[in-house]
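Visitor: Here's the letter readout for the chains.
Protein chains: 4
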Amino acid sequence: MSPDSAATGGARIAWIRSRMPLLAETRRRFAEKRPFAGLRIGMSLHLEPKTAVLLETLAAGGAEIVGTGNHGSTQDDVVAALRARGLTLHGRRDDTLEQHAANLEAVLDARPDILLDNGADLAAGVVRRGMAGRIRGGTEETTSGAFRLRDELAGSVPFPVLVINDSPLKAIGENLHAVGQSAVESFQRITNLMIPGRRFVVIGYGWCGRGVARYLRALGGQVAVAEVDEIKAFEAALDGYLVDDLPELLPWAQAVITATGAPGVLPGSLLPLLRTGTVLGNIGHFPFEIDTAALAEQAVSRQQLDEGLESFTMPDGRELVLIAEGRMFNLAGRAPKGNSIASMDLGFLLQARSLERVALAPESLPAGAQPVPDDINRQIARRMVEVLRTGE
Amino acid sequence: MSPDSAATGGARIAWIRSRMPLLAETRRRFAEKRPFAGLRIGMSLHLEPKTAVLLETLAAGGAEIVGTGNHGSTQDDVVAALRARGLTLHGRRDDTLEQHAANLEAVLDARPDILLDNGADLAAGVVRRGMAGRIRGGTEETTSGAFRLRDELAGSVPFPVLVINDSPLKAIGENLHAVGQSAVESFQRITNLMIPGRRFVVIGYGWCGRGVARYLRALGGQVAVAEVDEIKAFEAALDGYLVDDLPELLPWAQAVITATGAPGVLPGSLLPLLRTGTVLGNIGHFPFEIDTAALAEQAVSRQQLDEGLESFTMPDGRELVLIAEGRMFNLAGRAPKGNSIASMDLGFLLQARSLERVALAPESLPAGAQPVPDDINRQIARRMVEVLRTGE
Amino acid sequence: MSPDSAATGGARIAWIRSRMPLLAETRRRFAEKRPFAGLRIGMSLHLEPKTAVLLETLAAGGAEIVGTGNHGSTQDDVVAALRARGLTLHGRRDDTLEQHAANLEAVLDARPDILLDNGADLAAGVVRRGMAGRIRGGTEETTSGAFRLRDELAGSVPFPVLVINDSPLKAIGENLHAVGQSAVESFQRITNLMIPGRRFVVIGYGWCGRGVARYLRALGGQVAVAEVDEIKAFEAALDGYLVDDLPELLPWAQAVITATGAPGVLPGSLLPLLRTGTVLGNIGHFPFEIDTAALAEQAVSRQQLDEGLESFTMPDGRELVLIAEGRMFNLAGRAPKGNSIASMDLGFLLQARSLERVALAPESLPAGAQPVPDDINRQIARRMVEVLRTGE
Amino acid sequence: MSPDSAATGGARIAWIRSRMPLLAETRRRFAEKRPFAGLRIGMSLHLEPKTAVLLETLAAGGAEIVGTGNHGSTQDDVVAALRARGLTLHGRRDDTLEQHAANLEAVLDARPDILLDNGADLAAGVVRRGMAGRIRGGTEETTSGAFRLRDELAGSVPFPVLVINDSPLKAIGENLHAVGQSAVESFQRITNLMIPGRRFVVIGYGWCGRGVARYLRALGGQVAVAEVDEIKAFEAALDGYLVDDLPELLPWAQAVITATGAPGVLPGSLLPLLRTGTVLGNIGHFPFEIDTAALAEQAVSRQQLDEGLESFTMPDGRELVLIAEGRMFNLAGRAPKGNSIASMDLGFLLQARSLERVALAPESLPAGAQPVPDDINRQIARRMVEVLRTGE
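Protein chains in written order, with the working numbering: chain A, 10 to 401; chain B, 10 to 401; chain C, 10 to 401; chain D, 10 to 401.
Just so you know, these hints were derived from the structure itself, not from any lab. Remember, it's a predicted structure, so these values are computed and weren't measured experimentally. It is possible that some hints are incorrect.
Intra- or inter-copy, both count: the list cannot distinguish identical chains.
Keeping only pairs whose Cα atoms sit at most 25 Å apart, straight-line, the calculated DMTMM-like set for lysine to aspartate or glutamate is [what the hints assert, rightly or not]:
no., residue 1, residue 2
1, 241, 257
2, 42, 300
3, 241, 175
4, 241, 401
5, 241, 34
6, 42, 103
7, 241, 395
8, 241, 384
9, 42, 122
10, 42, 365
11, 241, 254
12, 42, 73
13, 241, 41
14, 42, 395
Produce the entire structure from the sequences given, and follow the hints as far as they go.
Guide: Here it is in structure tokens:
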């Protein structure tokens with residue numbers, strides 16, 4: 010990794026760091042109190058500038074960091090900058106799956122005391138290796154990791170794991186607001202289509218779906234909602250959206266956005282209902298909400314239109330346009346920035362404070378997956394309100 | 010009561026009835042199925058045209074209705090119209106408290122099988138009289154009645170009481186939307202003040218508070234929120250409101266609206282922080298949120314400005330303006346209409362369907378206060394979505 | 010007129026006065042400079058509390074006021090309060106048309122120097138009487154009066170008349186915002202219908218129409234616009250409204266609001282397109298936009314539902330509901346408050362400053378109807394911005 | 010230029026073409042009527058996929074196209090695709106200024122009959138060369154070109170030039186809506202900052218400024234407006250924005266967006282008022298609204314943070330962040346898409362219809378710069394309303 014790369018990464022981290030006041034304050038406190046002194050944190054998390062600021066914060070608290078990124082998304086300039094500051098990070102963007110697996114093993118080889126986990130990859134590793142007894146505790150970033158801890162790993166994890174995504178602050182701050190905002194930004198960035206007057210069908214009125222619906226409408230879109238839960242559908246209708254069954258809505262749509270967390274909510278069987286030109290996109294975490302396999306199978310031809318944008322010609326001549334192959338499109342297209350810095354400042358403060366609790370008071374926490382303690386949520390909520398009010 | 014009065018009441022009921030499609034459909038079904046055949050419903054509920062349509066609906070289902078209104082709010086022309094249709098209703102607008110108590114006793118004297126209750130007045134009466142054993146069950150409209158059933162009357166009510174206000178449909182349809190809308194309508198109707206640009210402090214970000222905040226902002230108001238629960242405060246801040254502690258917000262306010270359900274949330278001790286001309290109003294159910302006694306005590310003089318609007322001159326010369334003596338102001342001023350017809354169509358369908366369940370399947374319900382059964386909520390939610398979509 | 014009446018009127022004026030900071034400041038300046046010393050102002054204007062504050066302001070500037078109200082709308086308690094302060098006012102609410110004509114003559118008999126006119130009634134009188142030569146100048150409140158001055162009275166008015174309604178501040182402050190806000194308030198106040206989800210057709214996208222459309226949508230209404238001018242229709246479409254020809258929109262509507270200033274824009278020939286239950290209302294100045302004569306003629310019966318609300322049964326069984334007989338409905342129903350105090354503070358400051366210009370510098374103004382001088386508009390605009398920012 | 014490049018450009022054009030229904034319809038009509046048969050159009054316009062669809066449309070009408078792009082923005086793959094279809098296009102992205110000047114001369118060498126001009130570069134050339142007499146007429150895309158025609162070239166252009174940017178459709182469709190939308194998209198895309206709760210100062214409340222203010226607020230931003238014209242400032246205040254003098258607003262701001270069209274509206278002298286971290290961006294056409302020279306001079310150091318984002322450290326330690334060097338930031342950063350396809354479909358239909366009028370009825374048009382004829386505006390407005398309603 011060239012020094013130039015470290016410089017570029019450092020500049021990008023500097024911008025992000027300057028806009029993360031929540032972590033900044035905790036970093037100062039950590040530097041004074043050193044809650045992680047003598048502890049090694051093993052981490053596995055998407056490696057980009059926002060994560061870098063979290064890692065710096067933990068390091069400021071005395072932690073030794075040994076970690077790796079997610080497969081295929083590691084930003085090499087950011088890693089270079091962090092290595093220059095003494096962190097031990099394995100992996101690079103073009104790693105193969107085998108190399109990625111080896112990176113995870115390298116993290117475990119370092120014998121961490123605490124896990125900063127993602128998809129429960131590290132937790133599964135320590136269980137497999139019989140190392141679980143030496144782990145003080147950890148955090149898990151994702152809902153899918155939490156599911157794995159409560160299912161496949163249930164009973165075999167003797168240490169506490171605080172699940173960040175179970176915090177109400179994440180649901181509100183990230184799923185409702187940050188995802189909703191980045192969805193409207195990304196829809197424009199990738200398609201260049203005008204939102205006012207456009208007819209959108211949002212599938213799902215959970216936190217993500219209502220964020221997407223709210224911000225699309227705020228920009229002038231005509232938004233309809235399809236939702237199978239009657240109470241949520243009722244909320245959507247009173248919030249002023251057109252609410253109907255999906256087969257009724259699809260012929261009206263000019264764009265369809267899935268946001269449910271469930272597979273196949275736009276199934277192949279309904280694709281014939283769509284009018285020509287309809288744009289399909291998914292904002293849910295997993296790429297399975299739109300049945301893209303059925304779309305590809307039904308199509309007589311397909312053409313890449315632009316980055317993140319592909320057209321499918323159907324046997325009857327209709328064109329359907331798919332964004333980002335059905336993957337979460339606020340992370341797709343050329344140069345996506347992802348969720349806003351402020352929303353990640355919030356999410357990563359949940360991480361930092363949860364890891365601090367694990368480090369200092371593991372005995373106060375039961376074993377296994379569990380929500381972030383309520384007092385942490387409330388302290389952070391209070392501080393975030395202050396930041397939103399004062400900008401500091 | 011003159012025939013003319015019955016005609017006026019009848020015309021007003023006709024308008025309301027024509028705009029209650031949910032009850033209309035149930036009334037047709039009741040007329041066919043007669044779920045209340047042979048049953049006497051004792052009722053105690055605010056007697057105005059919307060209630061009249063509920064009572065007609067129950068009567069269409071075969072119920073014999075014996076009832077009375079709330080103290081001081083009975084609309085005599087509506088009562089006249091209902092009496093002309095064979096309902097037994099006690100009381101009139103200008104009843105004294107003694108007469109109102111006698112009206113409640115008269116309802117109990119009629120030995121009802123089912124109670125349509127409000128504030129648990131009838132339930133307390135049957136317990137006191139030792140008549141509880143003959144009651145099949147009932148409904149309770151209010152949260153305060155539910156509280157009384159679960160506290161003072163706990164254990165002594167052997168029949169099921171479905172609490173309408175515990176339904177999520179009421180929270181969303183009535184507290185969030187209908188109260189919010191009628192609050193902005195009533196603020197303008199009573200004060201004649203412009204909303205755009207005006208600085209409002211809303212105290213409380215529960216269902217009512219967020220409805221008030223949402224609709225005030227929609228009309229162009231500058232809205233700040235004071236909320237003691239950190240998670241709700243966080244929601245408000247991300248929803249874009251200025252959120253701060255009440256003592257910080259009050260000097261900024263031009264109007265303060267309480268919406269918490271708790272007493273004294275605008276205490277006398279904070280009144281000195283208000284700038285001259287600030288308008289004070291309460292939208293919560295009880296008239297105790299603004300400490301009006303302290304206001305009156307601190308003031309050196311007071312003057313009635315217009316109906317529902319009174320000015321208090323403070324020792325330092327500031328003028329504070331109180332709407333409707335601190336009572337729920339969407340029911341105050343000259344000629345208030347209250348919550349929208351549609352929201353009461355929803356709320357009263359919850360009543361009608363809950364009473365039907367009590368009549369037909371009391372054995373399916375445990376004794377005591379309990380929420381409306383989930384299947385009823387979901388069926389009504391689905392139907393309301395349809396009405397909002399089609400207008401029918 | 011009883012003393013009590015003067016007290017009631019005085020209290021109502023006191024509230025309004027306390028909320029008119031623009032006039033308050035000018036009143037203080039007038040009291041010092043006395044621009045109207047020795048001058049008699051003849052006035053003809055709707056007599057209610059806001060007008061009272063204007064008249065007080067002129068009187069503070071040294072003017073002798075001799076005036077009368079509009080036919081049928083004079084508020085007797087307000088007149089009583091003003092008489093108690095020495096103003097000479099003719100007429101009362103229940104005056105006949107003959108008495109109203111006599112009141113206007115009585116104003117002219119007093120030989121005014123300056124006219125504060127409304128519908129050009131006083132201007133026409135001075136021309137008819139040959140008194141025009143002694144008039145220094147005046148103001149005209151309405152567009153219809155301006156039309157009369159430029160048409161019927163063209164060339165015969167040798168003095169300047171500043172037309173208040175031609176000011177851009179009136180178009181923006183009153184027609185766009187104040188009328189729009191009072192329209193949504195009044196629709197709820199009179200009909201008690203829920204706005205969210207309701208399908209409104211607004212006819213006309215001038216200042217009034219876009220205000221009504223904007224505020225209805227802000228409260229959650231589904232709003233469509235019919236507009237014959239292509240450029241305005243284009244604006245409406247890009248502002249996010251459904252825009253179509255009226256015959257296409259009417260079968261979709263649940264409510265139709267006319268706001269064009271032109272007669273018969275909802276003609277009898279289109280009434281058969283309306284679905285049953287549709288509510289019809291007019292917000293335009295004149296009561297001729299809805300063809301109410303055709304409606305009455307086509308109907309087989311009609312019934313008064315509530316104050317300001319009448320139902321018409323059509324031969325095919327449909328019910329159409331008319332608000333306020335097709336008159337401007339933000340001034341209809343029980344206890345209407347009219348436009349917000351702030352909007353009238355603005356409009357009446359235009360009056361006061363224009364009359365001051367006429368009094369002090371009549372030679373700077375050409376003869377005949379003309380807009381308010383640009384420097385007055387700009388000074389008032391700057392001050393109103395300040396009031397909106399500071400509340401003072 | 011490789012065949013691959015033409016294929017990539019062709020695919021990108023295909024997507025854009027499929028979303029330009031206004032031009033599609035005109036292209037079909039042109040193909041039938043051939044209004045440009047035998048005519049050569051000399052063009053100078055930013056060469057990207059949307060322009061390509063305009064050029065295809067003109068070619069379908071029989072025009073021979075000879076043209077060049079703007080300096081530095083030509084997209085080579087688009088040019089390759091157009092050349093493959095027989096258009097004569099000069100220039101490439103990395104041309105020097107000398108090469109760009111030579112490209113313009115090459116267009117003139119081809120002896121065009123009609124000019125599709127931009128900045129009046131071609132008009133100035135034909136005047137200089139004495140070729141003006143042979144030109145039938147033309148169009149000018151920009152306001153700055155129109156200014157040049159009316160100033161430097163006044164009297165020397167004997168042919169009609171229809172100024173596209175003078176059309177009300179451009180002001181509304183592009184400046185108000187499209188620029189406003191792409192500004193909020195680009196702000197997020199470049200800075201990754203959250204909009205809700207952020208405090209924005211928009212300088213200027215013309216078409217662009219009110220679009221930016223409207224869409225920033227729609228996404229949850231706190232927006233203040235600084236505007237020197239009193240009437241526009243009054244509009245902004247009633248539209249609900251905080252309006253104040255710039256020196257009062259700057260210390261409050263977290264971001265400042267210039268949108269006036271005038272130079273130096275954020276002058277160096279006011280930079281000391283900004284708090285640390287404030288983000289500065291310009292959305293006006295010219296890069297002179299923020300005094301970037303003063304910013305650079307006052308700063309003690311500067312650092313590139315990310316693409317389109319630079320930090321300046323001031324002597325007192327404050328950091329100011331500049332987007333895109335003060336250039337119009339909706340065209341800056343990595344991979345900008347510019348205004349929405351629909352807005353350019355509209356703008357380019359104005360071009361196509363204006364060029365058709367020049368080709369077919371030049372005698373109906375006076376010499377010199379002039380607005381698009383009213384009948385063309387109205388026909389296009391009507392059609393755009395239809396497209397917004399039906400999506401076709």
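Visitor: Against this structure, judge whether each hint is valid.
Guide: Do the hints match the structure? See the list:
1. In this assembly of identical chains, the alpha carbons of residue 241 and residue 257 lie at most 25 Å apart only when taken from the same copy (18 Å versus 32 Å across copies).
2. Within a single copy, residue 42 and residue 300 get their C-alpha atoms no closer than 51 Å, and across copies no closer than 45 Å, so neither meets the 25 Å cut-off.
3. Taking identical chains as interchangeable, the C-alpha atoms of residue 241 and residue 175 lie at most 25 Å apart whether they share a chain (20 Å) or sit on different chains (16 Å).
4. Taking identical chains as interchangeable, the C-alpha atoms of residue 241 and residue 401 lie at most 25 Å apart only when they sit on different chains, with a minimum of 21 Å there against 36 Å within one chain.
5. Taking the shortest alpha-carbon separations for residue 241 and residue 34, only the inter-copy value of 23 Å comes in at or below 25 Å, while the best intra-copy value is 38 Å.
6. Taking CA atoms no more than 25 Å apart as the test, residue 42 paired with residue 103 passes in neither setting, with 38 Å inside one copy and 55 Å between copies.
7. In the homo-oligomer, the alpha carbons of residue 241 and residue 395 lie at most 25 Å apart only across protomers (14 Å), although the nearest pairing inside one protomer, at 31 Å, exceeds that limit.
8. Proximity of residue 241 to residue 384 under the C-alpha cut-off of 25 Å is restricted to the inter-copy arrangement: shortest distance 14 Å between copies versus 29 Å within a copy.
9. Taking the shortest alpha-carbon separations for residue 42 and residue 122, only the intra-copy value of 19 Å comes in at or below 25 Å, while the best inter-copy value is 69 Å.
10. For a Cα distance limit of 25 Å, the shortest separation of residue 42 from residue 365 inside one copy, 11 Å, qualifies, whereas the shortest one across copies, 64 Å, does not.
11. When the C-alpha separation of residue 241 and residue 254 is checked against a cutoff of 25 Å, the pair qualifies only within one copy, where the shortest distance is 13 Å, while the shortest distance between copies is 32 Å.
12. In this homomeric assembly, residue 42 and residue 73 come within 25 Å of each other (Cα to Cα) only inside a single copy, at 15 Å, whereas the closest approach across copies is 74 Å.
13. For a Cα distance limit of 25 Å, the shortest separation of residue 241 from residue 41 qualifies neither inside one copy, at 47 Å, nor across copies, at 32 Å.
14. For a Cα distance limit of 25 Å, the shortest separation of residue 42 from residue 395 inside one copy, 23 Å, qualifies, whereas the shortest one across copies, 50 Å, does not.
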